[in-house]
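Protein sequences appear in the order of chains A and B.
Position 123 of the first sequence, counting from 1, maps to 153 under the numbering used here, and the rest follow consecutively.
Position 178 of the second sequence, counting from 1, maps to 203 under the numbering used here, and the rest follow consecutively.
You may find that some hints are simply not true.
[What the hints assert, rightly or not] Selected chain A positions facing chain B (in silico; Cβ < 8 Å):
hint, residue
1, R211
2, A215
3, D219
[Stated by the list, open to error] To give a feel for the contact side, a few chain B residues facing chain A, derived at Cβ under 8 Å:
hint, residue
4, G52
5, K54
6, P109
7, F121
8, N123
9, A125
10, F127
11, G129
12, G139
13, T141
14, L142
15, M144
16, M205
17, M253
18, T272
None of these hints come from the bench; they were simulated from the model.
It should be emphasised that the depicted structure is a prediction, and the values quoted were computed from it without experimental measurement.
Built from N, CA and C at the ideal position, the CB exists for glycine as well.
Given next are the chains, with one letter for each unit.
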Amino acid sequence: MIAFGQFTEVLLGGLLAGFLYSLVALGFVLIFKASGVFNFAQGAMVLLAGLALVRSLDFLVAKGFPYWIAVVIALLFAAAIMALTAWVIERFVLGPLVNQDGLTLFMATIGATFIIEGAAQMAFGSDVYPLRLFPTDAIFMFENTFPGGILVNKLDLWGAAIAAVLVAGLAVFFQYTKTGRALRAVADDHAAAQSVGIPISWIWFVVWLVAGLVALVAATVWGTKLSVQFSITFLALKALPVLIIGGFTSVPGAVIGGLLIGAGEKIAEAYLGPYIGGGIEYWFAYVLALLVLLVRPQGMFGERIIERV
Amino acid sequence: MRAPSGGEIASGEVLLAVENISLSFGGIKALSNVSFDIRKGEVRAIIGPNGAGKTSMLNVVNGFYHPDEGRITYRRQTRHRMKPYEAAASGIARTFQNVALFKGMSTLDNIMTGRTLKMRKGVLSQMIYWGASQKEEIEHREFVERIIDFLEIEHIRKAPVGKLPYGLQKRVELGRALAMEPELLLLDEPMAGMNLEEKLDMCRFILTVKDSFNTTIALIEHDMGVVMDLSDRVVVLDHGQKIADGTPAEVQGNKAVIDAYLGVAH
Chain A
31 MIAFGQFTEV LLGGLLAGFL YSLVALGFVL IFKASGVFNF AQGAMVLLAG
81 LALVRSLDFL VAKGFPYWIA VVIALLFAAA IMALTAWVIE RFVLGPLVNQ
131 DGLTLFMATI GATFIIEGAA QMAFGSDVYP LRLFPTDAIF MFENTFPGGI
181 LVNKLDLWGA AIAAVLVAGL AVFFQYTKTG RALRAVADDH AAAQSVGIPI
231 SWIWFVVWLV AGLVALVAAT VWGTKLSVQF SITFLALKAL PVLIIGGFTS
281 VPGAVIGGLL IGAGEKIAEA YLGPYIGGGI EYWFAYVLAL LVLLVRPQGM
331 FGERIIERV
Chain B
26 MRAPSGGEIA SGEVLLAVEN ISLSFGGIKA LSNVSFDIRK GEVRAIIGPN
76 GAGKTSMLNV VNGFYHPDEG RITYRRQTRH RMKPYEAAAS GIARTFQNVA
126 LFKGMSTLDN IMTGRTLKMR KGVLSQMIYW GASQKEEIEH REFVERIIDF
176 LEIEHIRKAP VGKLPYGLQK RVELGRALAM EPELLLLDEP MAGMNLEEKL
226 DMCRFILTVK DSFNTTIALI EHDMGVVMDL SDRVVVLDHG QKIADGTPAE
276 VQGNKAVIDA YLGVAH
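Chain B extracted, bound-state conformation (with noise of 0.2 Å):
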């Protein structure tokens, strides 16, 4: 696979920043003045416990929640909202927590919807299946086959999702997001519900996403070993506030961390 596009943010510097984000339904405040940032080619973990805001957190960096305060700044361009489409077509690429998969359609199929937006040709040719569209299908073809080796789930390209069992499920559902070329990958917690063994393959599978395409990741996660394992820097969520930022280590250590996790003694 070729490293993603849009190059032109250096290794280190930062992704992406989301500044002052507050975001309320009603009278629930989801996410009240977090800010931090992403830097290029990290695994950024977003931590905390149960209903702390990170889902919400990335629901307002893709797009589907649109924060009622603060800004998103992507690649030095601040916008005060994303819409879903533009976060897709600007390289960040997701995966949910209740695996959303197109459960009627073959892996194949749906690793393919993540080419949409690198697809070209218009619908008639790609009806009458000619010259430049057939081209461009094989070659979009080709590369989500690259995806599927690299999964290692050629023995269900064929098979339709809704039947798959759920570690592979969630297998797929990143293969798609792979198919998108991604300069930002945002993962919700991508390894829910596996046991061990498709936990150990899932850490395999981002790190050489991380190491070999370069891509940069965002990743929710409840189980630490992990957490501490693949991510480069750690942000801490309780309540919708951010109470730790850091390496790892630091936040490991840190009382407010231990607190929030353990409950305080009062």
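If we strip away everything but chain A, and leave its shape as in the complex, we get (with noise of 0.2 Å):
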């Protein structure tokens, strides 16, 4: 019954941590999913939405606003910016590359990358700033199930809560809209999208937009977890094999490739590291998109990718 509940609470764990990588991911899914493209500066954009939250929160507190007050402007001004962001990516960025193929615009993503870090950390500075939106201490919890109960953070339960509701709100957006179609519709073909009447640079700057939204929440949950700071730009490379293993333009998919990395990494870690010598955390997350790759190249959840030749 230990052996059972140790098992159970480093599943939970790993479970809960993957909801973690699922946010980031989600990023990623989004910008992919309506414009074909893969969006490198996705983890840039975490640490700008980070930053502009974290110092302008320290600012208003500094100023004497009550706490929940200044976090809810601090949200407000960062959910701006990322507005801003999106607005001036569409323009100067996506906008005159419209009808390019992919590569071209994943090579303006990498650009857009370096200019989104430099500009975050001049406007916001480039410390290391604590972010307290959640609370980050363990409970322990079945204590009547398991002899002792298991631990699990709060800050991973509320991870994981939010990144439910996100996953929700979105599926329903691109299922049920005519802007959720409409950014299927200008994934799969430039010309054709506009034909219909699809404005492609109000449909690129929402999807920015939203993209910018989804990595302000991942930042608030980050944040919190390792301090805003400029090491939240690897997360995007953690992202990566989620994506290889759910599928680049699935909603879903991005979920449960997170699910299986945070547990698969955990469990091997507790069960594997004793005899191959730990730190398998590190490194199991891209042999197991690697093994993806050989067998579904287009992940679990993907669409299926068909030519015809």
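Both chains are given apart, each in its own frame, so use the hints to dock them into the complex.
Structural data, given as structure tokens:
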């Protein structure tokens, strides 16, 4: 029973951590679904959102605002910054590249990454800024079921709840609204989308705005976990295997992929670690992704790649 | 289906006129000084050898290309250039030479995108799918289902269009254009790559669209039999210039047209 309790604790911890990976992966999926672009700048957007949030929050608190009012204002400010970023990217980076192929757009997002990272740190500073939006203490759960209970971090619970709400909202948005349908249409064919009267520049603004807001949500959770600092941009690297496993075009896939990787790496660490020397968490996700690539290159939930030849 | 809106132009009047359109890409002249008009309710064919500038002409009309010179008068409104969004919003729909569908989406969703401009409800109320926006979605679905019935593609309603055979893809593309309830429908080689049976079906659809829905049609087509049967008037382009304009019979007998198609003996 103790062994099962320990396994459950590791599994649960892994699944909850997986939700946090999904939060970052979601931003990628959104932009890929809607514009066929792999957005290299997603990690930089998380950094920008986090910096805008934490710096304006610190400023407001120092000015003597009550904490929760300051949080609300800071969130709105950060959202406005992400909206501005979305507009600038559409206007000056992607707008001039309508009807170009995906690789060109991908290169453009690499350029955007460096500009966003630089601008964010120039505007908001480049130190490590702690963020305390969610409780980070651990609690014991299921004490009646397992002896000693299961140790869970409250922050992970918050992250999971937020990810769940976000995914449900996005899934409905894509499937059941005309804007969602228009986003998918633009991803498939720019010219055809224009011909039915879908204004591409507006759609691209919307999608980058939504991705920016998802980055903001990711920044609230990850910023609380790791503090807001430059290394938060490396989250993007952790999101890659999540995307490969879940599929680049699937919102639910981003969640399942995140869960698999979160749970997989924790379990591997706990049970394989002692035999091969630990440190498994750092590479496990990539090996898993590689295996998926060999078997199912479109990911578990991605759209089948169909080419007529 | 109801008749398209904007019926202030009476049948037989000029719906669209292009005047002295010139277009070049770098040093290559795609169109030089082309003028013609399209009357309300007619099928107007645009024909010519490969590279004559037919597709470029359609791209000018629906705003993908902006002409270097010339004017476009549509519904008595003169513009130097159209934007694709404006063209769609003012009732110009089109299909593409190489089918341009949303491959990952179902037939139904593809055709539903044609309703984009007709849907008024906001994103939030659509997400909650409640009250007026539910009613709106259902109304548009009914409209789209009628188009699906008309084009006889009920059996592929839910299929992702990327997997469909070419002939059916062309039909879905026509359906998407019809969902816009266009006043002017631009068809770029709607029968290319089809077998005889598929061509006959497509001809039937085009004639029904013209007669029953009173839609004006501009048609690019290589099959001369089809052109002669379907169209009321024909404009012939060659090397970016207009070389003939008239009824199918007039154009067929025109010396310049015969030379352009068969080559001139030097």
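Hints and how they fare:
1. Because the beta carbon of A:R211 sits about 6 Å from the nearest beta carbon in chain B, less than 8 Å, this interface hint is met.
2. With its C-beta approaching chain B no nearer than about 5 Å, A:A215 sits inside the 8 Å limit, and its interface hint holds.
3. A distance limit of 8 Å between C-beta atoms decides the matter here; for A:D219 the minimum to chain B is near 5 Å, and the interface restraint holds.
4. Interface hint status for B:G52: violated, as the beta-carbon distance to the closest one in chain A is roughly 22 Å, over 8 Å.
5. Interface restraint check for B:K54: the shortest CB-CB distance to chain A comes to about 22 Å, outside 8 Å, so the restraint is violated.
6. Look at B:P109: its Cβ gets to within about 4 Å of chain A, closer than 8 Å, so that hint holds up.
7. The restraint placing B:F121 at the interface with chain A holds, with a minimum CB-CB distance near 7 Å, inside the 8 Å limit.
8. The interface hint given for B:N123 is violated, since its Cβ lies 10 Å from the closest Cβ of chain A, which is over the 8 Å cut-off.
9. Interface restraint check: B:A125 against chain A, minimum CB-CB distance 4 Å, threshold 8 Å, status holds.
10. Hint status for B:F127: holds, given a least beta-carbon distance of 4 Å to chain A, under 8 Å.
11. Checking B:G129 against chain A by beta carbon gives a least distance of about 5 Å; that is within 8 Å, so the hint holds.
12. Interface restraint check: B:G139 against chain A, minimum CB-CB distance 5 Å, threshold 8 Å, status holds.
13. The criterion of a C-beta within 8 Å of any C-beta in chain A is met by B:T141, whose closest approach is roughly 6 Å, and the hint holds.
14. At about 4 Å, the closest approach between the beta carbon of B:L142 and any beta carbon in chain A falls short of 8 Å, and the interface hint on this residue holds.
15. The beta carbon of B:M144 is positioned within 8 Å of a beta carbon in chain A (closest approach about 5 Å), and the interface hint is therefore held.
16. Here the hint on B:M205 is kept, as its CB sits about 6 Å from the closest CB of chain A, short of 8 Å.
17. Checking B:M253 against chain A by beta carbon gives a least distance of about 28 Å; that is not within 8 Å, so the hint is violated.
18. The criterion of a C-beta within 8 Å of any C-beta in chain A is not met by B:T272, whose closest approach is roughly 30 Å, and the hint is violated.
Violation of the numbered hints given earlier is confined to hints 4, 5, 8, 17 and 18; the remaining hints are satisfied by the structure.
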